[in-house]
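Trainee: Using the working numbering, the first residue of the sequence shown is number -15, and each one after it goes up by one.
By construction, these hints were calculated from the structure, which means they are not laboratory data.
Glycine included, C-beta positions come from ideal geometry on N, C-alpha and C.
There may be inaccurate statements among the hints.
Have a look at the derived ranges for each label pair, beta carbon to beta carbon [what the hints assert, rightly or not]:
#, residue 1, residue 2, range
1, A248, T743, 25 to 33 Å
2, S393, Q718, 33 to 41 Å
3, K724, S515, 50 to 58 Å
4, D735, D234, 29 to 37 Å
Here are the computed lysine-lysine pairs in the DSSO-like style, where the Cα-Cα straight-line distance is at most 30 Å [unchecked claim]:
#, residue 1, residue 2
5, K361, K347
6, K763, K710
7, K299, K724
8, K267, K721
9, K253, K721
10, K763, K328
11, K220, K381
12, K337, K527
13, K220, K267
14, K347, K291
15, K381, K337
16, K220, K337
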Amino acid sequence: DTQRHLLSRGQRPTYHHHLTMNGFGNYGGGDLDGLQQFAGQQAQQQPQNAYLQQQQQTQQLYTDGAYNPRVGGNGLAYNSTHAAFLPAGTTTTTQATNNAFQQHATPSSAASAHLTHLQQPQQPSHRSHHHHRAAAVARKSQAPPKFPSAASVVSSHDPNDVMFNKFLAHTQHRATTARNATSSGGGEPFQAYSSAAAEAARKGNADQWLETISIKVSGIALEPLTGAEVLSRVRKETDNVVTRYLPCVDFLVACQQELRQGLAAATQKRLVRHAYRDCMTPKEFFRRYIDPLHQKFLSRNQTLMEKEVLSSAVKEIRRLQDDARRVEYQGAEVMKNTFLGGMKDGESWGLRKWLSRQGGALKICNDIECILGACQKLDRSLETTRKLADRLRPLAKQSLSRLKNDVPSSYQEVSTAHPYLPFFHRLESALRGLANFDPEDDDVICIDDDDEIEEEKKKAAAVAAVKRDPPPSSSLPPAKRPKHAPSDDEDSVVEILDISSFVPKGKSIGKGPVVEDGDWICTQCPMVNPSDTTRCCMCGASKSGEQGASSLSGTATGFGDFESLEDAIGGSLWSSRASSPLESPLVTTTNDMVDRLETLATSFDQGTHITFRPAFHPEGFWDDANQYASVLRLFVGILCAPECSRFFVNPTDMSGLRPYRNVVKHPLGFADIFSALVPAASASGSYGSGNLASVPSLSNWNMWKGMDLLQAIDLVIVNHLAYIGKEKTRDRSQTNKLRKILWDGIHNVLDLHCGKNNTENRRNWTPTRRGETSGFVIKKSK
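All chains should be built: construct the whole structure from the sequences, respecting the hints.
Mentor: In structure tokens, the structure reads:
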């Protein structure tokens, strides 16, 4: 009757709780009409008293000590909104709502409380917080009512209610789980430990046996290390593989792939005003592909790498970007190669060198190799050695697995020239050695070459064997098969009856008298010369009147045996060498030239050149003391370059080519330029007039003038290009590299003093760059 009376009046009590609970233990919300229909259906399905009793038991369990910390129980509050257990004392909006509901409900009016609970409509989340705050204020101002215990409510519920039994069992299980988590976690069921906290806990609970181990690792520390220190260092270095080396490798691989694709896109040709041009200018290529690389590396690894290591790596990337920007005038491909770098003379440069420095692989390899060598010297019969190995192996195996999985397989291949990645194979070998370290196995032999390297060697040997083996006879046509006698046998024994000399009868190979046919042996070398020659064909020693005697008297230009050859080529083979200034005892090698030129450059730096250098009016840009010193040092750099051969110092005829003087118009060498500045016959401190006495056709050039000196150096290189021809050979490639050194140095000096925008000065101060087919360089037939 009370239920029907309240529903017929349609009153809305002002209780602040928007959650509803039906007979099945589910929480939800609804409007007044739907809830009234639900209440009517429940009243028809079961007697009114049993229905109200069940709802009272369910609501009482919800508000009793099993959930409410104010009444007692396990000290946990149930958050009905998020379905989670919270520690005691935690205040939520739902808990405030539950307390507000308790203030208006009494055990004697359970039906009214339940109906009021059903009549309260669901409020939106942005509106319900106001009611929660109001309810919390009301709860503080009133004393909480007392309710029956949870045990009495549970004992009085209907044992045949299956849904209620499931709800009760689930509630008790959640409460027990939360209680166990609270007791084991020191009052906080979910506690997240940081890496620092974990390290502190590890140090606090360190195994005592680790402190008893003493390992002498001379490559790392002067004093012996304990087992804990060794374990900590291995853990640190294996972590650096993942947090330092692999991110740098990933950046190198990504840059190589991205810049190669970008270069292909930038160099695609498009038709612009009846001419094909690249799709991107070098500046656009730099701005799009190279300039953002440091920011990409920073954003990707700022949560992985240490701050100092990351800052140093980004700084080096910025420096590589600046190097690439300086060669912008040479094109996009040169910018890409300058940034990526590679190997030259066994040393890395560019981004490859950046990986060697910032990846930290060298230190990782050294530490792991030193620790592995020290651990192998420990007493293998001790239990502590076995336990230490059990601790070290998992660390190395994990890092080795990451190293093999994260690095692309194409970069793990074995190269005959140099490894694709710096320190990769050494790091892999060190980690594998530590991962396989087992004191119980006495027969372990550490081999640096892994299985993959051995397989590559076997494959290479198999390929070489296939190339060496002749084709089988069965594969050849019958006409070309070798014919063997019936008695031939590969395994037959051949008996040696006698050994005869290769010298025909009547000849002698000793140093005795001349043989009958007149051949003679030079006493200066073991050459056997024919009787119709008067000089040794190998050393040039002359044949004396006495048999077996010889003499080295005479000059190189006195060889009568080569007169016909000299006439055929139109000149003497030895004339240029006889007139070479390098035959002076004062200047005999390129090193002497370098030393004298360095002294000369120092004089210009100190301003003492005015005592020996002639004055020129007007004085050009390259005649200034600082610029002229730069030219001299550029000359020294060219002389010291590995591409600079003897031909550039003193040009001579080359085998298979026309005479040098018949091709070039001004046969000039570096020795001629040096002699114009420092005459070979002069004492130390004496200098020449600067005129090229050996090349009269260049009498208007003076080597004390910077512009003339640069053009003379370039002319020597261009002469060689014109002499060897346009065929692509190694000699031509090295000559082009040598010329590139010269012009790169010229452009660097111009960039330093006049910049790239001052085109007028650059045009006036840039020397003439002649081609190898120019009429000034070669002799052209009329």
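Trainee: If a hint holds in the structure, say so; if it doesn't, say that too.
Mentor: Evaluation of the provided hints:
The hinted window of 25 to 33 Å between A248 and T743 holds, with their beta carbons roughly 31 Å apart. Under the hint 33 to 41 Å, the C-beta atoms of S393 and Q718, about 35 Å apart, fit the expected range. A beta carbon spacing of about 55 Å between K724 and S515 agrees with the range 50 to 58 Å that was offered as a hint. At roughly 35 Å, the beta carbons of D735 and D234 sit within the given window of 29 to 37 Å.
Between K361 and K347, the direct Cα distance comes to roughly 21 Å. Compliance with the 30 Å bound is thereby established for this hinted pair. Distance hint between K763 and K710 is fulfilled; the C-alpha atoms sit about 16 Å from each other, no more than 30 Å. Taking the CA atoms of K299 and K724, the gap is near 29 Å; set against the 30 Å cutoff, the hint holds. Only pairs whose Cα atoms come within 30 Å are accepted, and K267 paired with K721 is accepted, the gap being roughly 25 Å.
For a cut-off of 30 Å, the pair hint linking K253 to K721 stands: about 27 Å separates their Cα positions. Taking the CA atoms of K763 and K328, the gap is about 37 Å. The hint is violated against a cut of 30 Å. Distance restraint check for K220 and K381: the Cα-Cα separation of roughly 14 Å lies within the 30 Å cut-off, and the hinted pair is therefore satisfied. Our distance criterion of 30 Å between C-alpha atoms is broken by K337 and K527, whose separation comes to about 61 Å.
Taken as a hint, the K220 and K267 pair is broken in the structure, with Cα atoms around 43 Å apart against an allowance of 30 Å. Proximity of K347 to K291 is assessed by CA-CA distance (about 19 Å); at most 30 Å being required, the pair is judged to hold. Our distance criterion of 30 Å between C-alpha atoms is met by K381 and K337, whose separation comes to about 27 Å. The straight-line distance between the Cα atoms of K220 and K337 is roughly 23 Å, inside the 30 Å bound, and the hint therefore holds.
In summary, the structure is inconsistent with hints 10, 12 and 13 from the numbered list given earlier, while agreeing with the others.
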